[in-house]
Amino acid sequence: MRELYLLDGDAEELGWQERALCAQTDPEAFFPEKGGSTREAKRVCLTCDVRDECLEYALGHDERFGIWGGLSERERRKLKKRAV
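Note that our numbering gives residue 188 to position 81 of the sequence shown, counting from 1, and the numbers run on in steps of one.
Among these hints, one or two may not hold up.
Dumping the calculated DSS-like pairs for lysine-lysine here, alpha-carbon to alpha-carbon at most 27 Å [said to hold, decoys possible]: (1) K187 - K141; (2) K141 - K185; (3) K141 - K188; (4) K185 - K149.
These are calculated hints, taken from the structure and not from any lab test.
Working from the sequences, and respecting the hints, build out all of it.
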């Protein structure tokens, strides 16, 4: 499971992580080497009930590595630029 450092009050906000499918799969798939495939992680994200919460977390905390909410870092960067 991904390790996140919780600040006071964050535990309730991060309750979605307990329901995340990535917590039940190989974490290496969500943090591939540069140039590595993201296909497996994105496939898991497609059926995850907390995909939106995951993506919202990544965007709000400026996560720069890994697959979050079904998007790579590059895809999240593009999404943020379009939102501005």
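Holds or violated: K185 to K149, with C-alpha atoms at most 27 Å apart: 17 Å, holds
Pair hint K141 and K185, alpha-carbon separation not exceeding 27 Å: 18 Å, holds
K141 paired with K188 [C-alpha distance capped at 27 Å]: 22 Å, holds
Hint consistency between K187 and K141 [alpha-carbon to alpha-carbon, up to 27 Å]: Roughly 21 Å separates the two Cα atoms, so the pair holds.
This entry satisfies every hint, going by the numbered hints stated previously.
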